[in-house]
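S.K.: Line by line, the protein sequences are chains A and B. Just so you know, full-length UniProt numbering puts 47 at position 47 of the first sequence, and the rest follows in order with no gaps. Just so you know, full-length UniProt numbering puts 219 at position 219 of the second sequence, and the rest follows in order with no gaps.
No lab work stands behind these hints, which were simulated from the structure alone. Where is the CB? At the ideal position from N, CA and C, for every residue including glycine. Some hints here could point you the wrong way.
[As the list claims (entries may be wrong)] Among the chain B residues that face chain A by a calculated CB cut under 7 Å, a handful are:
id	residue
1	Lys12
2	Ala306
3	Ala309
4	Gly311
[Claimed, not checked] Dumping the calculated SDA-like pairs for lysine to any residue here, alpha-carbon to alpha-carbon at most 25 Å:
id	chain 1	residue 1	chain 2	residue 2
5	A	Lys75	B	Tyr383
6	B	Lys13	A	Glu167
7	B	Lys296	A	Ser91
8	B	Lys316	A	Ala115
9	A	Lys75	B	Arg377
10	A	Lys136	B	Asn11
11	B	Lys14	A	Leu101
12	B	Lys12	A	Ala115
13	B	Lys296	A	Tyr110
14	B	Lys316	A	Ile95
15	B	Lys7	A	Ser91
16	B	Lys296	A	Ser114
17	B	Lys316	A	Ser114
18	B	Lys256	B	Tyr198
19	A	Lys59	B	Ile382
20	B	Lys7	A	Thr127
21	A	Lys59	B	Ala381
22	B	Lys14	A	Met135
23	B	Lys12	A	Gln146
24	B	Lys13	A	Leu109
25	B	Lys7	A	Gln146
26	B	Lys13	A	Met135
27	B	Lys207	B	Gly49
28	B	Lys12	A	Ser116
29	A	Lys112	B	Met1
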Amino acid sequence: MIQLKQIEKSYRTDTIETLALNRINLSVFQGEFLSIMGPSGCGKSTLLNIMGLLDAPTKGEVLIDGRLTTHLSDKQLAHFRNQTIGFIFQSFHLINDLRVLDNVELPLLYRKVSASERVQLAKEALTKVGLSNRMKHFPSQLSGGQKQRVAIARAIVGRPQIILADEPTGNLDSAMGNEIMDLLLHLNATEGTTIVMVTHDETMAKKTHRLVRLFDGAQVNDHTLKQVYA
Amino acid sequence: MISHLFKLIWNKKKQNFLLITEMFVSFLVMFAVFTMIVRAYNNYRHPLGFEYDDVWVASYMTPENIQSDDSAALFQDVLRKQLQSFPQVVEAGFSGHNFPFAMTMSNSMVSSDQNEGVMTNFYNADDNYLKVLNAKMLSGRWFSKADDVSKSPVVVINRKLQEELFEGKNAIGKYIEYGGDRLKVIGVMENMKDKGTYTPVENGLFKRIDAGAAKWTSNILIKVKPGADAVFEGKLFKALSNTIGTSVEIEHMDKKLTRQNKLSLIPMIIMLVVGGFLIINVALGLFGVLWYNINKRRSEIGLRRAVGASGNSVSKQLVGESLVLSTLALLIGLFFAIQFPLLKVFDLPASVYLVAIALSVAFIYILVFLCALYPGRQAAAIYPAVALHEE
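In isolation and in its complexed conformation, chain B is listed as follows (with noise of 0.2 Å):
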């Protein structure tokens, strides 16, 4: 029966491009959504690799009148014992501008001995910023006072990076370069995902907040016990607006968080509105050709039935018609889609685009068999000596 419906599909085939154009661009539709859900879904089955509960971000400017290294150093010192001093506080440590989801990033390209230029996201932090998240270290260590006395810059680089750009082999004690500098590789973390739930686990490289950097980083990461509330916060910010004298803002990371999976979401939705409205214009399409055949063809079911079909294998043969129309177009439609794995297209991993392929195959199929399923059974309906006499 299959090379019967092939002999049908392919004696029609001008009355089936369409049909098949229209299945293959749903095909590439549906491949193009489900890209974007399986990479979403990749990123948030990833953890965040840091705690974010009840840490509070504090931004400020620093006073003009702080002018030499020295006394910012001295500055940010005052304020991070100001803050223990509360004991509400547990952690406070200090953050360039890219904290986690800050609206924000920094990066660059560097490179090691074995691998040259990958792009890589800065961040500055002080000795605290990794008890504040409560990040977990892989091997080496995290910047401790110890580290004022170093003869080349120390970095603490992610598990990301440390892939990248050495091979996944151990990176400590390895040197990373960038802009000119040597920078000496002191720890491994764990990937931190800082842009948010939905967002891709990046290359990242934490420089320490030295007596340098001190005056250009305005922003406190608190981490408070549970249960500290407004009142508190009011307490803080009357305390930190008082000894820093300019304008303050306390935010709570996990709002942030929200903000910034609302953000990651929006594009997401967008395409799957589209999607969705491809998708019932491609499911009405394909409804109503299949529909239009069947009544046009209403004198073959007739003539089928008389020499031996039953309805329910005019059913099926028309369902089946469907499908296999349907797998012509998937066909050209793979031809295309396994191109962005093999080209590495967009630099997703392989397995999102496969499992992309699976999903929007196994869709076109369940489609066009639901789209089929109807007019088919309308068909098998079809009483032969009524059919046979319309002719």
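Here chain A stands alone, though its shape is the one from the complex (with noise of 0.2 Å):
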């Protein structure tokens, strides 16, 4: 589903040049869950806003779906991206000015779908998501994990063959926490949504099918969990 080739980011200021990531070569097939592990400033957002086009590498490929996407264009980039990804933030990123059900809308304002339409399957993921309660509530009325929830019906809401996930726990409670993980994990085994979580978090990451472990910006390790967890 994904591959990264030969994947190097650097950032240069006037003085020093940072190497975020060094040589990843990563695939990610279709319906796995994959979590990426790593200590802080190890490049694991970096790594994952590569993977969602958000950031493109210094050197390297990046292939999703069996499509280069090195050469695209920023709205060719954007079309890809409104397609075939649905992203969740940490800081789960809701726009405080429009409503739940608006904020769950966002991606489909990109498609030619009519407002019906977006209405119609945003209040559907809002639904599995558990919060169809919530639709005329604004982001400040809700709590965090709730917010989170929004955030994942966003995401999923366009039906993208893929959802990054950049620590999805890592402002809520264990328990909220929990829940979202649930959802996440119940995502991928009803829907076959492939998902690639970057977490701090070993209990949740024991919870998928895969840990990619980096340090110092590059990868090193990769196991499924039966083999790391058995």
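Put the two chains together into one complex; each comes in its own frame, and the hints tell you how they fit.
M.R.: As structure tokens, this is what we get:
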């Protein structure tokens, strides 16, 4: 589903060049739930951003569903993200001036979907995450867990093949974190959505199919969890 | 997308209130400026209705020894003949003190059987006045010697007065009431813009300078041949001074027009400068607010990019939001502006207000578009990963 070939990412300032990712080779298979772990600053989020076409690698190639994305224009990348990828962020990234339903509709605004169909799909997505009774609320009226559910609804409303989750439980207590994790597992199991999740939490990571560990921008481990935790 | 923009704007109505107010005030300022410009342009487009090139004005004090009406009329005849004896003089005619481009005016209310009271400028003119200024008669005739024996005082009116007082119907032979007198209309002439290029056409009524008025009429309009120079002007001055015996002043009508036009343009220039400064302030304000908004909304921009918005569509959305806001401000502004033609404020034609409204609307849209364009482009250049990371 996702193939990263010899990915390098470096940030250059006037005086120094920092290598954030160093020759990463990784394949994520369709229907897989993969977690990425590593210490802070090891390049997990950078890797996720590159997979999600939110950032471009300095070197290397990103293939999604067999398609090389390196030379796509800004418009093509935006279309690709819209059609293929759903994002979940640690800090939710909800638009506070829009109601829950409008927040969930957001990805559909950039597709040729009628207003009534948008509402219908957004309602369905909110029902899936158990927030059908909070559609008219503003994000400020929701708890952290509810906000993340809205973010998940927004990520799945366009029925993407891939969901990229950057520490989705990082801002939540363990109970809420478990709820969100269960929701992601359910999505993966029932819809067959490929999920890549960055996390610091071993407990969450062990619930996924496969764990990739990064250290100082390099991939140091790649194991299926059965082998690691069996 | 439009409904999405409306939702976003409505949900942020408190933050948008000041911006809408700023655009609304800008619209009103521009409406005032454009009304003045459109009015001046309409006036400018209207022909003067007479020729002022090579027309000089000789003003003098009637000598004290001329006491009776008959001697005053005789004195004017002498002067007229003296002027006509110069080969460089084409024609000479007497006028009251409010000749074209003079800084004086004389007006009063007149009425007719059809219409009660309209404000009208009064002019005193002799039989040669029309020829000196090469003004055009529309119907009837100009004054002549035959009017000396007329039973009732005769007048010539302009086209505008005929339209206002007689509803555009032929006024020849009809009477105008003024101060208890009944003035018989013998001619209708084309409108004359005697107050300058940028002033409006006003109602005009010409009274004949008869023997009774000669004593109070001390301005001679002299049409000279092209090329009449300062040497001739000096000669003319000398001759008139010798005949009149009091101070004489000769002015050129084209120079008087230039002076008159400057006076008309000064308030317009002041208003334009004030309006210009206001617009610069508004533009800077809008630009600053939009720039600030975009920086405040970097996370939202990053998110939109992540869920499928291209840089171009983010830019379009921000410009679109600004244009929707300006539309709301313009709707409020239009409500007030449209009262001006409806209530006929300042007695200006409705077309002036309507054109000014259209220009103001276009101006505000262009201003907002330009002010939103650069911040919008800046937003489009934000890299999604960077914007999302900043949160």
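S.K.: Return the numbers of the hints above that this structure violates; sort them in rising order.
M.R.: Checked against the structure, the hints that fail are numbers 6 and 16, while the rest are satisfied.
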